[in-house]
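Student: Next come the chains, spelled out residue by residue.
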Amino acid sequence: MSPRLSVAADAAAVAVGADAVAARLAAAARARNLPLDLRRTSSRGLYWLEPLVEVATPSGRVAYGPVAPEDVDGLLTAGLLEGRPHPLCQGPTDDIPYLKRQTRLVFARAGLTDPRSLADYRAHGGYRGLERALSLGAEAVVQEVITSGLRGRGGAGFPTGIKWQTVARAPGPVKYAVCNADEGDSGTFSDRMVMEGDPFVLIEGMTIAAFATGAAKGYIYLRSEYPHAAAALNAAIAAARGEKLLGPDVLGAGFAFDLEVRIGAGAYVCGEETSMLDSLEGKRGQVRAKPPLPAHVGLFGKPTVINNVVSFASVPWILAEGGAAYRDFGMGRSRGTMPIQLAGNIRRGGLFETAFGVTLGELVQDIGGGTATGRPVRAVQVGGPLGAYFPPALFDTPFDYEAFAARDGLIGHGGVVVFDDTVDMARQARFAMEFCALESCGKCTPCRIGSVRGVEVIDRIIAGEQVAANLALVEDLCNTMKYGSLCALGGFTPYPVMSALTHFRADFEQRREPALAAG
Amino acid sequence: MHVHETWSPERAAEIVAAQAGREGALLPILHAIQAEFGYLPAEAVPLIAKALNLSRAEVHGVISFYHDFRRHPPGRHVLQLCRAEACQSMGADALAARARDRLGVAWGETTRDGAVTLEPVFCLGLCACAPSAMLDGRPVARLDPARLDALLAEARG
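Quick note, the sequences are listed as chains A and B, same order. Numbering follows my numbering, with no gaps: position 297 of the first sequence is 297. Numbering follows my numbering, with no gaps: position 91 of the second sequence is 91.
Heads up, a few of these hints could be off.
[Stated by the list, open to error] The calculated lysine-lysine pairs, modelled on DSS-like cross-linking and capped at a C-alpha distance of 30 Å, are: (1) B:Lys50 with A:Lys100; (2) A:Lys302 with A:Lys100; (3) A:Lys443 with A:Lys283; (4) A:Lys217 with A:Lys100; (5) A:Lys100 with A:Lys290; (6) B:Lys50 with A:Lys443; (7) A:Lys482 with A:Lys443; (8) A:Lys244 with B:Lys50; (9) A:Lys290 with A:Lys217; (10) A:Lys283 with A:Lys302; (11) B:Lys50 with A:Lys302; (12) A:Lys217 with A:Lys244.
Quick caveat, the hints were computed from the structure, so don't treat them as lab data.
For reference, chain A alone in the conformation it holds in the complex:
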């Protein structure tokens, strides 16, 4: 049997040279007349080690990384194919502490399977959830999801099972299942990893949701910035149709469900669910007032179950293993696992799926290894561009919806972006307002006008003009936006702004150089 190597084909791995490494491996093996079974898989999510090359040995997989094309010859000479030592050797993959410390439920297959292979997916536990769901019946499926305590992983944290129950009970012959795959938060990539690396788990999760709620048609609203995910999803949908896992009679169980990928067009606000529905309908992606809830009046006015990619992708495990097993992970009202994404200026950036309750300090310092630049950590933004900036003084905050809320923050979609001590927090506050101004849908005034005024006022502070009065104005403006905006874009932009003001006030009051204002 030829030695089996795997190299990720994930967009982030490719972005740092995985294709070139794979090509060099193939060429070098040919030149040495070495037989080689080179597979392109999903990524483990250990991104600081990408391009990661893994070799299957009798005692398990051994990892090498980060590998550059010019390392390949030396690796082969050193005995890569037998898993022999080399400066890039990370030892057995399963023993890498970053991976070993995780609880991978949703990402159990990450790095192990070919994303386009339905056979691979099935061989690794795929479609057991749907099979059990079909045997339980729709109502029991909803109960199982309620029991699991799963809350929306897109950021809002609404109980998924309750949402499904609402849609299931909504009257009407036409219902939709919509996946919000508009993962726009900086510092997040877990949805991308699911869609590129394990697309069948999303398809299976949506199929279970459709069965439970009575939806016959599903859409995946995917951001245009993820072309690799689009290709992987479309290939997986075609494969699923081919095996009657989608279509007019799913698995012969007498229910119909089919899926379509729709591509967004670069609007961050379309990650807000009602704006996403308008966009799917072919309109400007403007936010709708709630109520009515999308569960009652959603896509094209029909009852619609909307969940984030990771929420749907969590469901197959919950159905296969039982809601109670899932609920046993976590703390407080945050049950199960969360795929946390460590990003930005961090030594070991990647995906870290773990039960709720790990502290921010453990994530950033122990697991992430501090900053990539080696400088002290100064600020950590959790939860995307609408999330608060935390100083190291708050590193004891456990990763939990309520604990973050209690400290005027949010966990959002689980992105953690680290900044070193060169960061200028007044600039970060200004950026939050600028981003809101750029992305506002324009429907409500606090967001549309407030964000523009916010940029102007912070510019004055940066220029040193009437700093105390202008800081008071920013606080007042943040209150107006927080309480007066229709959706989380205007409503949560105050989180990064106010947290910067609260925890890093010196950056606003004692500007180092007036020249900074010109930047």
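Please arrange chain B on chain A, whose structure you already have, making use of the hints.
Tutor: Positioned in the frame of chain A, the structure of chain B alone reads:
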């Protein structure tokens, strides 16, 4: 490199007709037309409006809402640089300034020789390997000044 067709109302009508029966067809139509011609020519608006029984204002409103839709032809290459926080934490602002300076363009503009359009993007999902960019749909990460210069040279070459 993007190879785009020159505007043809007949071809545009075919594209519209192929998609018009779908639910919420407008975005798929706009994407398909832009993929074919590189941008959304003004001439396309009445054609789409008629096919979908919308007003021209409604179609224009949708086109102008979304950052992706271009109303002018792009350069032969499109370079998107991420401006979001994770990339900022790794020096994206300085890289963007370098790119604008080297290319002699502001965000959204195309170099005089028509080679490169420089666009901002807010997150490519490559945040653990920041800073990142996309050149004609190809992701590139762990950028530094040298890798950026190589990308710029490739785009101009």
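Student: Please go over all the hints and tell whether each is borne out by the structure.
Tutor: Here is what the structure says about each hint:
no., hint, in the structure
1, B:Lys50 with A:Lys100, "violated, 59 Å"
2, A:Lys302 with A:Lys100, "violated, 44 Å"
3, A:Lys443 with A:Lys283, "holds, 13 Å"
4, A:Lys217 with A:Lys100, "violated, 39 Å"
5, A:Lys100 with A:Lys290, "violated, 43 Å"
6, B:Lys50 with A:Lys443, "holds, 27 Å"
7, A:Lys482 with A:Lys443, "holds, 15 Å"
8, A:Lys244 with B:Lys50, "violated, 38 Å"
9, A:Lys290 with A:Lys217, "holds, 23 Å"
10, A:Lys283 with A:Lys302, "holds, 16 Å"
11, B:Lys50 with A:Lys302, "holds, 26 Å"
12, A:Lys217 with A:Lys244, "holds, 15 Å"
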